[in-house]
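Could you put the whole structure together from the sequences, leaning on the hints where they help?
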Amino acid sequence: MSTTSVLGGVVRRKEDPALIRGTGLYTDDVKKAATVHVAFVRSPLAHARITRIDTEAARNAPGVLAVYTIDDVRHLGPLPAQVPVGKLRPLLADGVVNHVGEAVAMVVAETRAQAVDAADLVEVDYDPLPAVVDLKQAASDQIKVHEDLESNVILTWEAGPWGNEEGIAETKAKIAEAKGRGDTVTVSLEMRNQRLLPTAIEPRSVVAEWNPGYERFDVVSATQIPHALAGAIAKTFGLASNAVHVLAPEVGGGFGCKLNIYADEILVCFAARELGRPVKYTETRRESANNTIQGRGWIGTATLVGTQDGEILGYELEALCDMGAYSQNFTAAIPFLGVFVGSGQYRFPTYMKLDCVATHTQTTDAYRGAGRPEAIYYLERIIDAYARKIGKDPAEVRMKNFIPAEDFPGVVSPVGFAMDTGDYAKNLRALIESDAYRQLVAERDRLRSEGRLAGVGIATYVEVCGFGPSGLADLGFSWSAYGLPSSFNGSGLVRVNPDSSVTVIIGTGPSGQGHQTTWAQIVSDQLGIPIDRIRVIHGDTAESPMGIGTFGSRSAAVDGSATYLAAQKVRAKAARLAAHLLEAAEEDIEFGDGGAYVAGSPDKRVTWEEIATVAYQPHRLPEGVEGGLEAHAIFSPANATWPFGSHACLVEVDEETGDVRILRYLTVDDCGNVINPMIVAGQIHGGIAQGVGQAMFEEAVYDAEGNLLTPSLLDYILPTAVDLPSFELKRTVTPSDVNPLGVKGIGEAGTIGSAQTVVNAVVDALSPLGVEHVDMPLRPKRVWQAIQDAKGGN
Amino acid sequence: MYPRSFDYIAPASLEDAVRELGNAEFAKVMAGGMSLIPLMKLRLLSPDLVVDIGRIGGLGEIEDTGDHLSIGALVRHRDTASSDVVPTALRQAASWTGDVQVRNRGTTCGAVAHADVAADQPAAVLALGATMVARGPSGIREIPSDEFFVDALTSALAPDEILTEIRIPKRGGGSAYDKLGRRGGHTDYAVAGAAAWVTVSDGAVTDARVALTGVGTKPELARAAMEAIVGTDGSEGAVRAASERATEGITVIEDLYGSVEYKTHLAKVMVRRALTQALTEARS
Ligand SMILES: Cc1cc2nc3c(=O)[nH]c(=O)nc-3n(C[C@H](O)[C@H](O)[C@H](O)COP(=O)(O)OP(=O)(O)OC[C@H]3O[C@@H](n4cnc5c(N)ncnc54)[C@H](O)[C@@H]3O)c2cc1C
Chain R
60 MSTTSVLGGV VRRKEDPALI RGTGLYTDDV KKAATVHVAF VRSPLAHARI TRIDTEAARN
120 APGVLAVYTI DDVRHLGPLP AQVPVGKLRP LLADGVVNHV GEAVAMVVAE TRAQAVDAAD
180 LVEVDYDPLP AVVDLKQAAS DQIKVHEDLE SNVILTWEAG PWGNEEGIAE TKAKIAEAKG
240 RGDTVTVSLE MRNQRLLPTA IEPRSVVAEW NPGYERFDVV SATQIPHALA GAIAKTFGLA
300 SNAVHVLAPE VGGGFGCKLN IYADEILVCF AARELGRPVK YTETRRESAN NTIQGRGWIG
360 TATLVGTQDG EILGYELEAL CDMGAYSQNF TAAIPFLGVF VGSGQYRFPT YMKLDCVATH
420 TQTTDAYRGA GRPEAIYYLE RIIDAYARKI GKDPAEVRMK NFIPAEDFPG VVSPVGFAMD
480 TGDYAKNLRA LIESDAYRQL VAERDRLRSE GRLAGVGIAT YVEVCGFGPS GLADLGFSWS
540 AYGLPSSFNG SGLVRVNPDS SVTVIIGTGP SGQGHQTTWA QIVSDQLGIP IDRIRVIHGD
600 TAESPMGIGT FGSRSAAVDG SATYLAAQKV RAKAARLAAH LLEAAEEDIE FGDGGAYVAG
660 SPDKRVTWEE IATVAYQPHR LPEGVEGGLE AHAIFSPANA TWPFGSHACL VEVDEETGDV
720 RILRYLTVDD CGNVINPMIV AGQIHGGIAQ GVGQAMFEEA VYDAEGNLLT PSLLDYILPT
780 AVDLPSFELK RTVTPSDVNP LGVKGIGEAG TIGSAQTVVN AVVDALSPLG VEHVDMPLRP
840 KRVWQAIQDA KGGN
Chain U
117 MYPRSFDYIA PASLEDAVRE LGNAEFAKVM AGGMSLIPLM KLRLLSPDLV VDIGRIGGLG
177 EIEDTGDHLS IGALVRHRDT ASSDVVPTAL RQAASWTGDV QVRNRGTTCG AVAHADVAAD
237 QPAAVLALGA TMVARGPSGI REIPSDEFFV DALTSALAPD EILTEIRIPK RGGGSAYDKL
297 GRRGGHTDYA VAGAAAWVTV SDGAVTDARV ALTGVGTKPE LARAAMEAIV GTDGSEGAVR
357 AASERATEGI TVIEDLYGSV EYKTHLAKVM VRRALTQALT EARS
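First to last, the sequence lines map onto chains R and U. Just add 59 to the spot in the first sequence (first one is 1) and you have my numbering. Just add 116 to the spot in the second sequence (first one is 1) and you have my numbering.
Keep in mind that the hints are not guaranteed to be accurate.
What the hints assert, rightly or not - Here are the computed lysine to any residue pairs in the SDA-like style, where the Cα-Cα straight-line distance is at most 20 Å:
1. U/Lys-157 <-> R/Asp-87
2. R/Lys-91 <-> R/Ala-172
3. U/Lys-157 <-> R/Glu-377
4. U/Lys-157 <-> R/Ser-771
5. U/Lys-157 <-> R/Asp-179
6. U/Lys-157 <-> R/Glu-261
7. U/Lys-157 <-> R/Arg-345
8. U/Lys-157 <-> R/Lys-850
9. U/Lys-157 <-> R/Thr-343
10. U/Lys-286 <-> R/Ser-771
11. R/Lys-850 <-> U/Thr-380
In short, the hints are calculated from the structure, not lab data.
Structural data, given as structure tokens:
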């Protein structure tokens with residue numbers, strides 16, 4: 060039974076019956092009559108000049124309608140990017156291929172099998188060029204990724220604080236001074252934050268149709284950003300944005316990889332218009348691995364200096380960040396998201412220098428957490444190393460260096476960003492003073508007393524999300540290249556229908572986050588109309604108001620707030636109508652029990668149905684009141700939100716094999732007010748799974764020639780339920796003050812908090828052997844090697 | 117990915133199946149399809165004809181004939197894993213093969229015919245000294261397991277032969293399988309694994325077979341370890357000494373999951389663990 064209780068209540072997900080029964084519509088389920096299918100011819104080389112493309116045989120193959128190369132579509136590209144540095148991606152390889160799997164030609168045929176068969180017949184001659192895959196080698200510029208690039212380092216983000224050269228110089232001087240002091244301790248570690256494949260379970264898919272009569276594109280795409288896609292298509296083809304209708308139906312996982320405009324999305328539109336047929340492309344798992352954006356891929360050195368008793372005096376992070384061959388939507392902006400949280404929830408001077416480095420690999424971009432997991436990983440790993448070095452409890456060291464709760468509001472972090480609200484000490488105390496945490500430590504000690512390798516890791520995090528303030532556009536992030544307003548904002552429309560059911564239309568759409576339920580709760584809370592009478596429509600650009608999309612843990616904070624404001628407007632109008640019907644004063648109207656009543660005399664009441672009926676009968680309305688019962692609101696928060704939390708886990712390592720088992724995993728997260736605890740828990744579960752996945756299993760491995768060695772789920776190891784312990788979740792609640800709901804966002808927090816928690820625990824387990832660090836993923840071979848190296852060094 | 121186009125038949129008898137295999141240019145037998153179909157979809161294997169043996173009667177049983185066990189070609193991993201007559205090593209290997217779906221579809225004979233070095237059941241079958249029964253155009257042929265695994269993904273079966281049953285001799289003793297899976301513990305394909313079978317008499321190890329998973333190019337006997345353990349008292353020290361010789365004579369191959377050094381080490385650990393368990397069972 061679902062309750063009708065609303066904000067803060069566990070409400071069963073409205074979307075699940077369709078998803079579980081298989082009646083939800085995904086893009087590849089869309090079967091338009093006369094659809095033709097696409098297969099791409101892809102480069103087997105990471106870097107080569109194309110000397111010849113012969114499409115003749117493919118064109119003559121059964122069922123083939125067309126074979127396109129860059130010459131057909133050059134005028135439509137390249138793809139847009141928010142930070143257009145480095146090389147933008149052409150729609151098909153333009154003279155040179157720059158990573159394995161880059162699309163060289165596009166075959167369109169009557170059936171998918173015919174398209175795939177014909178793609179085999181396209182002959183491409185390549186003149187191999189030297190490829191650079193290794194980040195350090197790429198940064199040295201010995202081999203240029205693109206001939207015309209001045210350097211493979213296409214951008215450098217420097218902070219301390221950000222954008223303030225004098226401040227940076229001062230910070231560097233402070234840190235140098237601290238290092239120079241005789242009574243301080245400096246720890247430094249070079250660490251890798253490996254490349255990852257986002258791996259949405261639903262691969263990307265798109266189908267486009269051009270209607271020459273309406274002069275309109277109808278596009279269905281598995282995208283997190285339908286409005287941006289519509290804008291980009293409109294811009295590409297010189298159309299008004301309302302001549303492009305994009306629908307993002309059910310989206311089976313995104314994690315950032317569907318937060319991009321892809322060449323195939325533009326190309327199917329092009330082909331649909333050329334051929335007068337609906338054109339569909341659905342990527343294979345291997346294409347998903349090789350051609351959908353990838354994430355992370357940093358190698359960096361973190362250095363921390365502090366006193367013997369745990370006061371941290373300065374922190375530096377210098378890292379090379381892998382951008383891949385081409386810049387797409389957020390590519391070079393991702394490290395900047397790391398700068399945002401670079402100093403975590405701490406107050407010590409922080410200096411960061413992040414070099415964005417091009418390589419001959421697939422593009423990187425936003426993957427769950429996007430820049431923030433990387434930054435927090437380095438910070439929380441090095442704090443742990445420092446605590447170990449000075450022999451202090453890692454929790455105590457963190458506690459000592461937190462920004463104090465009293466400093467809020469008005470905190471500006473050492474890297475220069477205003478933070479909304481925070482109480483970090485309370486949060487960490489809730490973890491370490493819990494029985495569960497004491498048991499963790501006791502169990503570790505018990506295992507150790509039996510001669511086993513056991514460890515407890517803790518880590519804290521702060522996240523920045525809920526993007527965000529329109530002012531972000533001033534930092535250079537803009538959707539204007541996508542034909543959207545440059546600002547980040549949210550929108551929601553609430554309509555009470557004549558039968559008093561409610562339709563909510565929102566500018567973002569879910570890729571698993573449960574918008575239908577959460578938004579229904581927000582509206583139900585305002586109107587007192589039961590959740591099962593509320594239907595939430597999303598992802599349809601023809602119906603929904605402009606919205607940026609679901610990413611950066613922003614939907615609830617931004618679009619949720621807009622919807623809340625719209626619901627308030629509807630409530631105000633309904634109150635006016637109820638007052639009219641009840642002949643009472645508007646201020647005396649209250650809502651409850653399926654209608655409105657006069658405060659103090661609950662039997663003077665009208666039902667929602669009566670109110671709604673009147674709303675659609677203008678002759679019965681009070682003078683000066685327009686018909687209808689709906690409202691739309693746009694919301695742009697004053698700031699992003701800053702969730703935070705503390706994680707801990709217990710691990711055991713098999714000394715003989717290097718096999719790591721996570722025995723228990725605890726979290727105390729703080730995402731401000733909670734709309735639906737079950738959905739929040741689900742987001743944390745998935746987030747931890749992906750963070751643990753990075754810590755333990757996942758790695759996109761490239762060989763020196765730029766071949767992805769892990770292009771399938773056989774080799775790219777995803778965490779599954781059997782690999783994970785039960786997560787034990789708790790929370791503190793520190794509402795945000797930048798949105799009316801007081802929410803902060805929870806989509807990425809689990810991922811941001813978890814990878815270093817596991818690594819800290821494993822290092823704790825191995826510390827009796829003298830191991831100081833093991834790079835992720837903590838595959839048995841790597842852990843075993845670290846044990847051998849430590850033993851050899853003894 | 118889409119496979120290249122191919123013909124498909126599901127004959128009702130072994131005779132028909134063998135005949136169809138012989139008639140086609142390039143035919144493949146399909147049992148559970150758990151390995152065949154992915155290879156076809158990746159176009160790494162493009163047969164003209166797929167002969168589905170799934171409709172042939174009488175191949176789905178595990179039979180105890182008194183002197184051996186017979187595992188039919190359609191016995192699924194799940195059946196093997198949950199049988200109370202199958203020796204421990206093979207039961208464990210089957211129970212740690214893939215996930216629930218794979219165990220419900222994939223067959224023990226298919227896993228053995230596929231001859232993947234990283235697969236679990238081939239090593240168990242090898243350690244148990246099984247005999248593979250193959251049916252081809254000229255009749256039935258018995259292939260000892262020692263001769264069955266030829267090379268990477270290559271068995272001694274001819275293209276027009278069907279593995280109809282695996283015969284496991286009932287020779288008493290104890291057996292065990294252990295592995296380290298790619299995702300840790302026993303989960304996923306083996307980084308390295310070992311199956312062991314031993315007999316004990318009057319406190320001495322009278323016979324032993326040990327086979328490895330995941331270390332070379334094919335499922336292989338660890339002959340040096342076998343020789344080393346036979347004749348000893350099977351003590352911890354003897355087991356340790358024997359397992360030290362796990363990869364003697366075997367070319368260990370590096371992959372994404374382990375260096376040569378690591379896999380060599382892991383093979384020793386797994387041989388030790390499997391032998392220890394097998395001895396415990398043999399003594400009980
Ligand atoms: C997700 C996944 C995870 C897996 N994990 C593991 C694992 O952890 N450990 C492991 O060992 N394996 C694993 N496997 C492989 C799995 O065990 C396969 O089921 C098995 O290898 C093949 O059995 P099958 O009946 O499906 O054979 P098929 O796929 O039908 O055939 C495989 C090959 O054997 C041949 N063949 C099959 N049966 C016969 C026969 N009777 N006579 C002659 N030739 C035959 C086929 O022609 C083909 O070449 C996994 C597979 C998947 C899909």
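Hints, one by one, checked against the model:
1. For the hint pairing U/Lys-157 with R/Asp-87, the CA-to-CA distance comes to about 18 Å; that is within 20 Å, so the pair holds.
2. For the proposed pair R/Lys-91 and R/Ala-172, the alpha carbon gap of about 18 Å is at most 20 Å, so the pair holds.
3. Between the alpha carbons of U/Lys-157 and R/Glu-377 the distance comes to roughly 44 Å, so the proposed pair goes past 20 Å and is violated.
4. Taken as a hint, the U/Lys-157 and R/Ser-771 pair is honoured in the structure, with Cα atoms around 12 Å apart against an allowance of 20 Å.
5. Among the hinted pairs, U/Lys-157 with R/Asp-179 is consistent with the structure: their alpha-carbon atoms are about 14 Å apart, no more than 20 Å.
6. Between U/Lys-157 and R/Glu-261 the alpha-carbon distance is near 18 Å, which keeps this suggested pair within the 20 Å criterion.
7. Taken as a hint, the U/Lys-157 and R/Arg-345 pair is honoured in the structure, with Cα atoms around 11 Å apart against an allowance of 20 Å.
8. Restraint check for U/Lys-157 and R/Lys-850: not satisfied, since their Cα atoms lie roughly 46 Å apart, outside the 20 Å limit.
9. Distance hint between U/Lys-157 and R/Thr-343 is fulfilled; the C-alpha atoms sit about 10 Å from each other, no more than 20 Å.
10. Proposed proximity of U/Lys-286 and R/Ser-771 is contradicted: the alpha carbons are some 40 Å apart, above 20 Å.
11. A distance of roughly 18 Å separates the Cα atoms of R/Lys-850 and U/Thr-380; the hinted pair therefore holds under the 20 Å criterion.
Against the hints set out earlier in the document, violations occur for numbers 3, 8, 10.
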